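J.: From first to last, the protein sequence lines stand for chains L and G.
Here our numbering runs 231 ahead of the position in the first sequence, where the first position is 1.
Here our numbering runs 231 ahead of the position in the second sequence, where the first position is 1.
Hints may contain errors.
[As the list claims (entries may be wrong)] No farther apart than 30 Å at their CA atoms in a straight line, the calculated lysine-lysine pairs in the DSS-like style are these:
| no. | chain 1 | residue 1 | chain 2 | residue 2 |
| --- | --- | --- | --- | --- |
| 1 | G | Lys-748 | L | Lys-702 |
| 2 | L | Lys-748 | G | Lys-748 |
| 3 | L | Lys-748 | G | Lys-702 |
[Stated by the list, open to error] Quick look at which bits of chain L chain G covers, simulated, 3 or more residues with Cβ under 8 Å:
| no. | stretch |
| --- | --- |
| 4 | 465 to 478 |
| 5 | 737 to 746 |
[To be verified] Partial pick of chain L residues on the chain G-facing surface, computed with a CB cut under 10 Å:
| no. | residue |
| --- | --- |
| 6 | Pro-444 |
| 7 | Thr-488 |
| 8 | Glu-510 |
| 9 | Gly-569 |
| 10 | Trp-642 |
| 11 | Thr-662 |
| 12 | Asp-775 |
| 13 | Pro-778 |
| 14 | Tyr-835 |
| 15 | Tyr-919 |
By construction, these hints were calculated from the structure, which means they are not laboratory data.
Treat the numbers as computed from the prediction; the structure is a model and nothing was measured.
Each residue gets a CB set at the ideal place from its N, CA and C atoms; glycine is no exception.
Protein chains: 2
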Amino acid sequence: LVSGSVPYKGTLLRAHSSHPLDPLSPAEIAVAVATVRAAGATPEVRDGMRFIEIVLNEPEKHVVALADAYFFPPFQPSLYAEAKGGPVTLKQLPPRQARLIVYNKNTNETIVWLVELTEVHAVARGGHHRGRVLSSQCVPDVQPPMDAVEYAECEATVKAFAPFKEAMKKRGIDDMELVMVDPWCVGYYGEEDSPKRRLAKPLIFCRTESGCPMENGYARPVEGIHVVVDMQHMRIIEFEDRKLIPLPPPDPLRNYTAANSRGGVDRTDLKPLQIIQPEGPSFRVKGYAVEWQKWSFRIGFTPREGLVIHCVAYDDGSRGRRSVAHRLSFVEMVVPYGDPQEPHYRKNAFDAGEDGLGKNAHSLKRGCDCLGLIKYFDAHFTNFNGGVETIENCVCLHEEDFGILWKHQDWRSGHAEVRRSRRLSASFFCTVANYEYGFFWHFYQDGKIEAEVKLTGILSLGALSPDESRKYGTVIAPGLYAPIHQHFFVARLNMAVDSKPGESCNQVVEVDVKVEKPGPGNIHNNAFYAESTLLESELKAMRDCNPLSARHWIVRNTRSVNRTGQLTGYKLVPGSNCLPLAGQEAKFLRRAAFLKHNLWVTQYDKDEIFPAGEFPNQNPRVGEGLPTWVQKDRKLEETDVVLWYIFGVTHIPRLEDWPVMPVERIGFTLMPHGFFNCSPAVDVPPSYPSADGTNKNCSSECHLQSKL
Amino acid sequence: LVSGSVPYKGTLLRAHSSHPLDPLSPAEIAVAVATVRAAGATPEVRDGMRFIEIVLNEPEKHVVALADAYFFPPFQPSLYAEAKGGPVTLKQLPPRQARLIVYNKNTNETIVWLVELTEVHAVARGGHHRGRVLSSQCVPDVQPPMDAVEYAECEATVKAFAPFKEAMKKRGIDDMELVMVDPWCVGYYGEEDSPKRRLAKPLIFCRTESGCPMENGYARPVEGIHVVVDMQHMRIIEFEDRKLIPLPPPDPLRNYTAANSRGGVDRTDLKPLQIIQPEGPSFRVKGYAVEWQKWSFRIGFTPREGLVIHCVAYDDGSRGRRSVAHRLSFVEMVVPYGDPQEPHYRKNAFDAGEDGLGKNAHSLKRGCDCLGLIKYFDAHFTNFNGGVETIENCVCLHEEDFGILWKHQDWRSGHAEVRRSRRLSASFFCTVANYEYGFFWHFYQDGKIEAEVKLTGILSLGALSPDESRKYGTVIAPGLYAPIHQHFFVARLNMAVDSKPGESCNQVVEVDVKVEKPGPGNIHNNAFYAESTLLESELKAMRDCNPLSARHWIVRNTRSVNRTGQLTGYKLVPGSNCLPLAGQEAKFLRRAAFLKHNLWVTQYDKDEIFPAGEFPNQNPRVGEGLPTWVQKDRKLEETDVVLWYIFGVTHIPRLEDWPVMPVERIGFTLMPHGFFNCSPAVDVPPSYPSADGTNKNCSSECHLQSKL
Ligand SMILES: [Co+2]
Ligand SMILES: [Co+2]
């Protein structure tokens with residue numbers, strides 16, 4: 232196990248090898264790839280193998296329960312499933328498994344491999360695994376996600392294509408170094424997009440100055456050139472110079488670094504601000520396990536989703552370590568554009584399923600991306616050719632002061648009690664072409680979990696004639712146009728409220744606040760009340776937000792009660808949200824039918840992870856994934872539930888979003904609702920007042936004052 | 232001028248006396264009160280005077296323009312109104328005026344006084360003012376807000392009332408020290424609530440342990456006792472022991488300090504977190520004027536509103552100091568409860584108009600309420616008897632790191648540009664009885680202004696029989712019940728987008744995103760677009776939120792354009808919001824009819840500040856204030872506009888909100904929309920990466936990495 236040294240004092244965990252939920256180590260990845268390679272039937276098959284994704288094949292939940300008993304001694308016996316046959320030890324854990332998606336470039340086949348990894352030597356002796364193929368299955372009629380290597384090859388292919396060079400010359404461009412080719416997946420609009428071929432439809436841009444790699448080339452979209460690339464054979468199969476739209480003039484405001492041609496000067500009056508934790512962070516990390524302020528969870532990471540949060544629990548004193556969620560992650564996102572014209576109507580990136588949020592994650596930098604005392608986790612992948620690659624400092628874990636947690640000042644005595652809020656954030660950032668997304672999970676001392684997405688990066692632009700404007704977007708600069716679009720995110724929440732791993736005693740109720748009818752019981756007409764409706768089965772659990780009724784959803788345990796006798800629960804509180812503004816018959820909604828509702832609830836099924844199905848790229852099947860699964864209409868009255876919360880923002884571009892969009896935030900909250908008997912934040916200690924702007928925890932009351 | 236010494240280097244402002252918008256100084260308050268007292272016609276009148284509120288009578292806008300020219304030399308000449316007759320000097324400013332609301336306890340009259348304050352000596356020689364009454368006007372048929380002194384007297388009166396003591400004895404309470412009487416305004420439910428009498432209807436609570444003042448007494452509501460107090464004569468005019476509901480048992484979880492009977496132990500594993508600004512803050516303060524990161528504004532404060540933000544402008548390079556808003560504040564809030572029974576149906580506090588957000592503000596403590604380098608402002612008031620009172624450290628001004636401001640990582644080179652966001656926050660906190668509210672105005676480097684309300688404090692409870700539950704709320708503990716309620720806030724935004732003070736060239740458009748109809752121009756059915764509708768007049772400008780259409784409102788200047796030729800604007804982006812869930816005919820909506828829409832727009836009128844009218848307490852008139860003003864249906868096509876944004880949250884109490892509710896946040900954003908030609912955050916300098924979690928600004932690119 233390569234990752235994370237552990238500089239924190241005191242750990243609850245025993246020295247150990249991998250936990251069953253730990254992401255695959257580089258050694259495991261290497262062995263798995265070698266095992267698959269060796270299993271290729273012919274040299275041609277082996278030669279054609281391209282490694283799109285490799286992930287830990289997550290174990291059955293009872294294995295997690297077993298492992299927790301081993302790794303987490305304070306875990307309450309009542310909270311994990313019983314182990315049959317004597318004491319629970321590591322030896323009882325089954326071997327780990329890797330799951331690989333391999334694209335065969337020679338045969339255009341997509342094959343899913345399952346490899347068992349047996350630990351031959353202990354980690355202490357260098358760690359060594361042996362792999363064994365458990366299964367390999369060819370998945371017909373799909374295209375797996377695109378890889379960065381293919382994108383680079385595609386760009387080179389287009390730039391070397393003589394008719395393309397000719398078309399650029401017609402537009403005044405001789406220097407092909409200036410040209411940027413951003414391949415986009417084609418989606419599925421008809422038989423010509425069938426996964427029988429692996430296709431990309433690149434967008435073309437062109438910088439203005441040679442030798443200036445940080446010039447913002449997205450400021451000069453090249454319009455009118457139709458290119459379709461066969462990504463399997465890496466050759467251009469359609470090319471047409473359809474319309475000679477002049478390149479927009481260089482926008483003097485296109486750049487975003489002072490060093491580059493912006494020519495401006497950065498502001499100089501920003502004084503440094505430091506976050507100092509002289510006694511270290513309040514969290515403890517052992518391997519991928521995190522403990523902080525009564526919270527515990529595990530960090531996971533996959534090429535598709537990026538950060539995964541496993542096994543979220545809260546230490547509730549005499550009630551022990553109480554489970555909240557089994558697995559939390561972002562499993563898909565879709566960015567549909569509202570312009571019906573070429574090339575914009577094709578823009579509706581499935582950034583997880585067509586590209587990979589985790590594969591495109593950043594290596595973060597302390598002091599720039601993150602402030603305070605940071606624990607970083609690395610992420611390990613295969614590259615396209617099967618080599619092991621590591622993104623260092625990929626997941627950031629750190630604490631933040633978050634303002635006032637609670638306060639009350641007694642009006643009779645003037646005495647104030649105030650507590651500051653500390654939160655723990657686990658996050659990563661990724662780039663998909665021009666856009667950036669940051670995904671954050673914040674844990675709070677009052678039992679809240681907040682999921683937050685930060686949107687930034689560069690707008691996807693089109694070129695206009697100098698005096699043209701267009702109904703479907705905003706003119707950003709002369710000849711530059713940003714079409715309107717939406718960003719949708721799908722959070723998959725396998726909740727486990729007061730549930731042992733593998734138990735099935737959660738349900739979901741929808742709560743709406745209703746106006747009481749007038750009558751003798753309501754003579755002042757002021758009455759309203761909350762009404763709960765059980766979501767009984769999957770087809771009844773396709774729901775939309777309704778701010779006017781304060782609608783939210785509570786996941787509750789059917790067998791666990793709080794001190795008032797109400798079922799213990801966690802509620803999903805929507806943030807701002809919307810639904811697709813495209814027509815109901817929009818072509819991209821064939822693949823993204825899950826966008827038609829904000830909430831879906833399903834019975835847990837290990838294989839139901841991706842709401843558009845595992846392979847949305849060029850997917851010809853209508854409503855694959857979530858909309859199909861719920862047709863089973865499984866019962867939800869008492870089960871292991873998965874909530875799919877889908878939230879979006881409608882982005883009408885502003886001039887101020889250019890050249891880089893300031894961060895927009897969107898998200899939702901999981902809040903305890905009768906889970907605890909009172910506020911779990913009541914025992915957060917007060918802080919000292921201080922003259923120097925610092926704060927210290929103390930047990931006496933605040934009584935000093937000072938003033939600048 | 233007493234407030235704020237100025238420890239920051241470099242100021243743009245000349246040494247000066249009061250700015251015309253500075254809050255009244257203690258000296259001015261004392262002179263104004265003395266002037267009014269002396270003007271009382273008879274000893275009886277003078278004796279009866281109680282001073283409810285005193286505020287600066289804000290000057291006409293052309294005076295502000297004059298003053299800015301004097302106080303703010305870099306202010307662009309083109310942005311202020313022309314001064315007649317030669318150079319602008321302080322001598323040309325008219326004398327300041329105080330406006331007082333005086334309640335005559337002998338006659339039950341409410342009188343508004345206007346007093347002119349002439350500076351006799353310069354501040355440098357000790358400052359001395361002379362007052363002169365400009366007008367005094369008796370306002371018929373109103374009751375001014377309640378005062379803390381009256382609340383204390385009311386409590387004492389009730390506790391001394393023999394039948395009340397008898398009733399408490401019946402409930403097992405002999406020790407009147409334990410009893411808490413929280414007077415609530417009666418509202419207006421019929422002729423018996425008429426302002427001919429000054430009334431309160433107290434809620435009764437009872438602690439369990441003597442000598443324990445920090446015990447949370449709100450945990451034992453005393454039900455069944457009907458009391459109405461004549462607050463003018465401070466006597467009980469109605470008393471009835473209606474129903475002997477047993478006192479709820481002492482709730483073992485009622486307390487929130489470890490020192491008190493909670494008996495618990497605070498958590499000990501929270502390590503200190505310090506925010507250090509070794510070179511000082513990035514803001515500069517002179518008197519009440521603030522400059523920070525191209526922003527400038529002035530701090531104001533009133534007893535009713537608390538913090539007021541005046542004269543918000545942004546320094547936009549060659550375009551000079553561009554105005555954004557003239558005056559921003561919270562002018563009212565209403566908290567209607569959803570239980571139709573006694574005493575809850577009467578609970579619908581107008582915390583600004585019945586009590587005063589500013590009057591009830593906290594004195595803040597560095598390190599507890601606020602972290603970092605703080606500049607505090609004091610607030611000065613009269614007390615009930617006309618004495619000058621000061622809340623020290625009442626308004627907090629400080630900077631915060633706010634995560635990533637913008638980022639882009641080039642996928643070809645791997646080069647990342649990232650900037651951190653710094654924000655400046657001006658805020659205050661107040662207590663109204665059991666609840667706490669914090670009001671925050673955040674200024675960002677990307678031109679955004681965010682208004683945020685933080686809700687915390689103690690739930691308003693009722694008692695139930697041990698096994699009773701009630702449709703209209705949540706059982707919080709055995710015998711304890713928290714009714715459902717809503718919190719509504721009214722922000723009054725006198726915008727001035729690219730407008731000189733007093734100019735009238737703003738308008739408001741509503742933007743909705745619409746689905747395009749299918750057709751030959753939309754063959755893939757993906758199209759949608761933003762549609763703008765001018766709000767032409769006041770009756771057409773009563774609008775509600777609509778998240779499904781991404782509805783927002785843009786205040787734009789009718790004569791100023793950005794580089795694409797679009798009108799410059801600022802948009803109001805709603806946060807989560809709702810409307811009243813009471814019936815349309817609810818009694819409290821007589822006084823709070825402005826809650827029926829989320830947005831109202833009016834032509835600026837200096838006298839239209841409070842949406843329920845100036846005196847909502849016991850107000851018998853239906854729809855006074857905003858709903859009445861808009862009946863004039865004034866034109867809004869090109870004028871000086873005031874936006875009234877009304878936002879609320881529906882609060883279904885949770886067990887976790889007890890004994891003190893963890894902070895909930897709600898608010899909205901003002902965002903530049905085509906106001907700038909590109910992102911104003913593009914020139915924020917990058918930060919150094921660092922090994923110790925600090926960050927420093929730098930001009931070179933990030934290239935170091937380190938790891939825990
Ligand atoms: Co966008
Ligand atoms: Co509330």
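J.: Compare the structure with each hint and give your call.
T.: Do the hints match the structure? See the list:
Our distance criterion of 30 Å between C-alpha atoms is met by Lys-748 of chain G and Lys-702 of chain L, whose separation comes to about 13 Å. Taking the CA atoms of Lys-748 of chain L and Lys-748 of chain G, the gap is about 39 Å. The hint is violated against a cut of 30 Å. Between Lys-748 of chain L and Lys-702 of chain G the alpha-carbon distance is near 13 Å, which keeps this suggested pair within the 30 Å criterion. Using a Cβ-Cβ cut-off of 8 Å, 0 residues of the stretch 465 to 478 of chain L lie near chain G, which falls short of the minimum of three, so the contact claim is violated.
With 4 residues carrying a beta carbon less than 8 Å from a beta carbon of chain G, the stretch 737 to 746 of chain L meets the three-residue requirement, and the given coverage holds. Checking Pro-444 of chain L against chain G: minimum C-beta separation of about 6 Å stays under 10 Å; hint holds. This hint holds: Thr-488 of chain L has a C-beta 6 Å from the nearest C-beta of chain G, less than the 10 Å allowed. At about 4 Å, the closest approach between the beta carbon of Glu-510 of chain L and any beta carbon in chain G falls short of 10 Å, and the interface hint on this residue holds.
This hint holds: Gly-569 of chain L has a C-beta 4 Å from the nearest C-beta of chain G, less than the 10 Å allowed. Look at Trp-642 of chain L: its Cβ gets to within about 6 Å of chain G, closer than 10 Å, so that hint holds up. Proximity of Thr-662 of chain L to chain G holds as hinted, the smallest CB-CB distance being about 5 Å (cut-off 10 Å). The criterion of a C-beta within 10 Å of any C-beta in chain G is met by Asp-775 of chain L, whose closest approach is roughly 9 Å, and the hint holds.
The interface hint given for Pro-778 of chain L holds, since its Cβ lies 6 Å from the closest Cβ of chain G, which is under the 10 Å cut-off. Nearest Cβ of chain G to the Cβ of Tyr-835 of chain L: about 26 Å, over the 10 Å cut. The hint is violated. A distance limit of 10 Å between C-beta atoms decides the matter here; for Tyr-919 of chain L the minimum to chain G is near 6 Å, and the interface restraint holds.
Hint compliance for this structure: hints 2, 4 and 14 are not met, and every other hint is.
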